[in-house]
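Asks: Protein sequences appear in the order of chains A and B.
Residue numbers are given in numbering that gives the first Met the number 0: position 319 of the first sequence equals residue 318, and the series is strictly consecutive.
Residue numbers are given in numbering that gives the first Met the number 0: position 154 of the second sequence equals residue 153, and the series is strictly consecutive.
None of these hints come from the bench; they were simulated from the model.
This one's a predicted model, so the numbers in the text were calculated from it and none came from an experiment.
One or more of the hints may lead you astray.
To be verified - Derived pair list, reagent style BS3-like, types lysine-lysine, alpha-carbon separation capped at 27 Å:
#1 B:K74 / B:K205
#2 A:K621 / A:K606
#3 B:K189 / B:K205
#4 B:K22 / A:K621
#5 A:K571 / A:K606
#6 B:K22 / B:K43
#7 B:K74 / A:K243
#8 A:K243 / B:K23
#9 B:K22 / B:K74
#10 A:K277 / B:K189
#11 B:K23 / B:K74
#12 A:K243 / B:K43
#13 B:K43 / A:K275
#14 B:K23 / B:K43
#15 B:K74 / B:K115
#16 B:K202 / B:K60
#17 A:K275 / A:K243
#18 A:K50 / B:K22
#19 B:K43 / B:K74
#20 A:K340 / A:K375
#21 B:K22 / B:K115
#22 A:K243 / A:K212
#23 B:K23 / A:K621
#24 A:K243 / B:K22
#25 A:K336 / A:K362
#26 A:K150 / A:K212
#27 A:K621 / A:K243
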Amino acid sequence: MNMLVTPTSPATPNGTTRPQVRIVIVGHVDHGKSTLVGRLLHETGSLPEGKLEMLKAVSARRGMPFEWSFLLDALQTERDQGITIDTTQIRFRTNSRDIVLIDAPGHAEFLRNMITGASQADGAVLIIDALEGVRDQTRRHGYLLHLLGVKQVAIVVNKMDRVDFSADRFKAISDEISAHLNGLGVTPTAVIPISARDGDGVAERTDRIGWYKGPTVVEALDGLEPARPLEALALRLPVQAIYKFDDRRIVAGRIESGSLIAGDEIVIMPAGKIAKIKTVESWPVTPVAGRQGAGRSVGITLDRELFIERGDIIAHANAAPRETRRLRARIFWLHDKPLNKGDQLLVRCGPKESRATVVAIEKAVDPGELSSSENKAIGRNHVGEIDISLSNPIATDPYTENPRTGRLVIEVSGRIAGGGLVLSVDAGQRAEPVDIVPVESALRLDERSARYRHNGAVVWLTGLPASGKSTLARALERRLFTNGGSPILLDGDTLRAGLNSDLGFSAADRSENIRRLAEVATHLARNGHIAIVAAVSPAREDRATARRIADTAFREIHVATPAEVCEERDPKGHYKKARAGALASFTGIGNDYEAPQAAELVIDTSKRTVTEAADEIEQMLKTSGVLFDELVDLAANI
Amino acid sequence: MDHLDQLEAQSIYIFREAFARLKKIALLWSLGKDSNVMIWLARKAFFGRMPFPALHVDTGKKFPEMYRFRDHYGKEWDLDLRVEPCPPIDAVDPTLPPAARSAARKTEGLKMALGKYGFDGLIAGIRRDEEATRAKERVFSPRGLEGNWDVRDQPPEFWDHFNASPPQGAHLRIHPILHWTEADIWAYTKRENIPIIPLYLAKDGKRYRSLGDQDITNPVNSTASTIDEILIELEQTKVPERAGRALDHETEDAFERLRVAGYL
Chain A
0 MNMLVTPTSP ATPNGTTRPQ VRIVIVGHVD HGKSTLVGRL LHETGSLPEG
50 KLEMLKAVSA RRGMPFEWSF LLDALQTERD QGITIDTTQI RFRTNSRDIV
100 LIDAPGHAEF LRNMITGASQ ADGAVLIIDA LEGVRDQTRR HGYLLHLLGV
150 KQVAIVVNKM DRVDFSADRF KAISDEISAH LNGLGVTPTA VIPISARDGD
200 GVAERTDRIG WYKGPTVVEA LDGLEPARPL EALALRLPVQ AIYKFDDRRI
250 VAGRIESGSL IAGDEIVIMP AGKIAKIKTV ESWPVTPVAG RQGAGRSVGI
300 TLDRELFIER GDIIAHANAA PRETRRLRAR IFWLHDKPLN KGDQLLVRCG
350 PKESRATVVA IEKAVDPGEL SSSENKAIGR NHVGEIDISL SNPIATDPYT
400 ENPRTGRLVI EVSGRIAGGG LVLSVDAGQR AEPVDIVPVE SALRLDERSA
450 RYRHNGAVVW LTGLPASGKS TLARALERRL FTNGGSPILL DGDTLRAGLN
500 SDLGFSAADR SENIRRLAEV ATHLARNGHI AIVAAVSPAR EDRATARRIA
550 DTAFREIHVA TPAEVCEERD PKGHYKKARA GALASFTGIG NDYEAPQAAE
600 LVIDTSKRTV TEAADEIEQM LKTSGVLFDE LVDLAANI
Chain B
0 MDHLDQLEAQ SIYIFREAFA RLKKIALLWS LGKDSNVMIW LARKAFFGRM
50 PFPALHVDTG KKFPEMYRFR DHYGKEWDLD LRVEPCPPID AVDPTLPPAA
100 RSAARKTEGL KMALGKYGFD GLIAGIRRDE EATRAKERVF SPRGLEGNWD
150 VRDQPPEFWD HFNASPPQGA HLRIHPILHW TEADIWAYTK RENIPIIPLY
200 LAKDGKRYRS LGDQDITNPV NSTASTIDEI LIELEQTKVP ERAGRALDHE
250 TEDAFERLRV AGYL
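Based on the sequences and whatever the hints tell you, model everything.
Replies: Okay, structure coming up:
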């Protein structure tokens with residue numbers, strides 16, 4: 000057997016070591032999951048005092064026969080509707096191990112709860128009603144277990160009392176579900192006939208199932224074995240945060256696989272920067288000696304100052320994950336609105352997030368019916384394979400190489416809407432990271448700021464064509480320079496003549512144009528300069544991306560000159576051409592400019608002189624910590 | 000890694016996610032064994048300091064030992080301690096049974112503190128094994144604008160990916176020790192030598208397993224006067240942890256009603 004069981008020793012005063020196994024119970028609604036759980040707790044002597052009496056009283060009050068499932072269906076609404084809404088976790092012990100039972104709801108409506116429960120499990124029990132047989136939800140759950148990486152599944156055929164404990168009926172169901180799971184590459188560890196209500200086959204083989212020679216449910220759970228530990232895989236330490244609470248600069252995260260020790264040569268992906276681990280920090284005693292393995296939440300310091308950010312992955316230099324802007328994933332979809340080709344999403348791969356576009360959808364399937372749908376959209380509770388293009392490069396592994404880093408979730412409107420496994424990674428055009436050793440600046444930020452008397456910043460001027468962005472940008476550039484600062488003008492049109500000359504004016508090209516402007520500006524800001532960007536940047540989403548890239552360095556100024564004034568000015572003759580139909584994709588005529596909702600500053604150049612406007616910008620840069628008179632400790636702002 | 004190491008690593012991961020993904024968080028410090036372990040874990044996560052406030056929503060009815068503990072360790076641990084009062088009992092839903100109504104003051108106090116500081120995340124020390132509705136919690140649990148918990152519409156949460164974007168004005172409850180048990184808490188308290196309030200240890204055949212307000216918390220029969228003895232007692236007892244909490248037992252759904260309304 001190959002159960003993904005982590006052998007751990009729960010806290011006991013006498014120091015005995017008992018493996019802990021997490022088991023999820025899944026299956027179609029009303030096939031008896033909660034009843035089986037109640038029965039298991041009872042048979043293993045795990046019920047708290049008074050619970051049985053309480054359940055009897057609750058059942059009697061409702062005028063119902065005794066109901067085991069009330070034990071877990073603790074919520075009033077659940078009792079009233081007779082369904083389990085959410086996952087519950089409950090513990091009990093078999094002879095050799097501690098079991099954490101995760102009770103997952105079977106109702107199709109609550110598939111997200113089933114996945115929430117099942118994603119934490121080492122193994123699963125899939126329950127089937129002997130009378131009803133294999134149902135849609137049974138197949139769907141089987142498929143999702145497979146997708147979540149739960150490889151070993153024990154099948155329980157419940158309510159055998161309803162079919163007179165018929166061995167033939169049992170065999171028919173056993174054959175059907177085994178064929179289904181085998182088709183997915185999952186081999187059931189056991190198929191067990193039971194009656195959860197009466198206890199047959201749960202902890203004991205009763206006479207009524209005398210023809211059955213296999214294990215009971217308790218025996219099946221008792222026989223789980225550990226799999227290959229994650230420590231045996233290559234090191235993956237996704238960065239959760241960088242802390243600088245004192246003179247240490249600590250890179251914090253959880254080791255997802257592999258292990259590390261002070262002195263290791265590491266590479267930081269996707270940038271491919273190389274460093275050495277100086278110390279492993281901890282509290283109350285620090286530094287920590289010895290090798291730290293998978294599962295540990297650690298903090299490390301490096302032998303050099305590198306720019307590292309949340310979501311980067313630290314690996315050993317000879318076994319780094321692949322860096323990519325494109326990947327293929329097998330996902331399940333939980334959102335009400337189907338997933339379509341062209342949809343824009345937020346993808347999370349560990350702590351790393353990136354905007355993404357669905358480039359292609361293959362094999363959209365309802366796992367309940369196992370039929371491929373024609374329209375190539377992935378509906379709610381369906382699964383599919385998709386190609387994703389990412390706006391930021393991420394470092395990841397195919398799940399077959401690393402189950403921990405080879406998975407992702409998809410967010411829509413701030414809420415997880417789906418998730419899945421990375422099937423393949425389309426490696427970028429880069430050289431092998433071992434060959435890239437980016438050179439850090441010879442200067443420290445505080446050296447630059449001491450000279451310029453300002454922090455690095457990205458000052459982003461957005462507004463309609465002819466609203467006055469370039470004029471203002473140039474005035475600001477002159478003023479900052481006169482005061483001894485280091486401003487650099489990045490005019491959208493100017494950069495389109497060179498760096499961005501491969502881009503057109505489609506929405507995608509415009510997004511890429513803004514992204515590159517933001518990347519260049521951010522690089523300058525990180526080196527202490529004030530990058531002044533003047534670009535129409537009509538799409539709110541694109542400006543949000545720019546803000547994400549530049550992060551705390553970003554200051555947005557909306558040059559909110561009224562459209563009539565802009566058209567009247569028309570210094571480049573663009574409005575005139577556009578009115579004449581000679582300029583396609585021109586922002587300004589029509590409604591495609593999305594004004595900022597929360598810019599750091601709004602300026603109407605029809606009501607301000609250039610000097611007044613520059614004053615306002617300068618004031619804003621002062622109050623928001625970019626310009627300063629007194630030198631400050633810049634380390635706190637890194 | 001043993002079992003306690005695993006629990007610790009998972010909790011630290013959750014703390015760091017909360018700190019990275021939310022803007023303004025606070026830790027709810029009830030002074031009890033669970034929240035003391037939480038503060039310890041937070042200091043592990045952030046290398047000796049807790050970079051956000053500890054919020055004590057004070058009913059004014061805690062045991063004197065608890066107030067002494069708060070004042071002493073609030074200083075010793077260098078916490079940014081905020082003590083916030085609760086409204087009087089007549090400001091609370093009169094249809095609740097008496098003990099639950101008394102406890103609901105805390106929900107109101109919590110809402111007032113939320114409004115005052117504008118926290119978008121509150122770290123709370125609830126555990127799944129304490130109580131059946133808590134067992135159904137998410138690690139990052141969204142609350143409505145009124146602080147209410149919509150159990151029927153909880154977002155999916157899997158592979159340690161948490162939903163961390165509360166709607167404007169709403170907040171998240173973050174539960175870094177949801178996966179711990181009562182026995183885990185004691186074993187860890189012992190291993191790490193975390194200070195405790197002496198009320199947890201048996202005196203004259205009684206001890207408190209769970210500490211709340213004086214008037215609605217009762218001790219259980221026990222002779223366990225050390226943490227080792229508590230651990231042995233927990234191995235053998237079938238008395239639930241919150242047996243001494245009156246509010247859990249007044250009506251079948253009293254506790255659920257409180258939680259849906261925003262109670263911990």
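Asks: Each hint: holds or not?
Replies: Do the hints match the structure? See the list:
{"no.": "1", "hint": "B:K74 / B:K205", "in the structure": "30 Å, violated"}
{"no.": "2", "hint": "A:K621 / A:K606", "in the structure": "23 Å, holds"}
{"no.": "3", "hint": "B:K189 / B:K205", "in the structure": "21 Å, holds"}
{"no.": "4", "hint": "B:K22 / A:K621", "in the structure": "23 Å, holds"}
{"no.": "5", "hint": "A:K571 / A:K606", "in the structure": "22 Å, holds"}
{"no.": "6", "hint": "B:K22 / B:K43", "in the structure": "20 Å, holds"}
{"no.": "7", "hint": "B:K74 / A:K243", "in the structure": "23 Å, holds"}
{"no.": "8", "hint": "A:K243 / B:K23", "in the structure": "18 Å, holds"}
{"no.": "9", "hint": "B:K22 / B:K74", "in the structure": "25 Å, holds"}
{"no.": "10", "hint": "A:K277 / B:K189", "in the structure": "32 Å, violated"}
{"no.": "11", "hint": "B:K23 / B:K74", "in the structure": "22 Å, holds"}
{"no.": "12", "hint": "A:K243 / B:K43", "in the structure": "15 Å, holds"}
{"no.": "13", "hint": "B:K43 / A:K275", "in the structure": "23 Å, holds"}
{"no.": "14", "hint": "B:K23 / B:K43", "in the structure": "20 Å, holds"}
{"no.": "15", "hint": "B:K74 / B:K115", "in the structure": "23 Å, holds"}
{"no.": "16", "hint": "B:K202 / B:K60", "in the structure": "21 Å, holds"}
{"no.": "17", "hint": "A:K275 / A:K243", "in the structure": "19 Å, holds"}
{"no.": "18", "hint": "A:K50 / B:K22", "in the structure": "42 Å, violated"}
{"no.": "19", "hint": "B:K43 / B:K74", "in the structure": "18 Å, holds"}
{"no.": "20", "hint": "A:K340 / A:K375", "in the structure": "8 Å, holds"}
{"no.": "21", "hint": "B:K22 / B:K115", "in the structure": "15 Å, holds"}
{"no.": "22", "hint": "A:K243 / A:K212", "in the structure": "62 Å, violated"}
{"no.": "23", "hint": "B:K23 / A:K621", "in the structure": "24 Å, holds"}
{"no.": "24", "hint": "A:K243 / B:K22", "in the structure": "17 Å, holds"}
{"no.": "25", "hint": "A:K336 / A:K362", "in the structure": "18 Å, holds"}
{"no.": "26", "hint": "A:K150 / A:K212", "in the structure": "24 Å, holds"}
{"no.": "27", "hint": "A:K621 / A:K243", "in the structure": "25 Å, holds"}
In this structure, the earlier hints numbered 1, 10, 18, 22 are contradicted, and the remaining ones agree with it.
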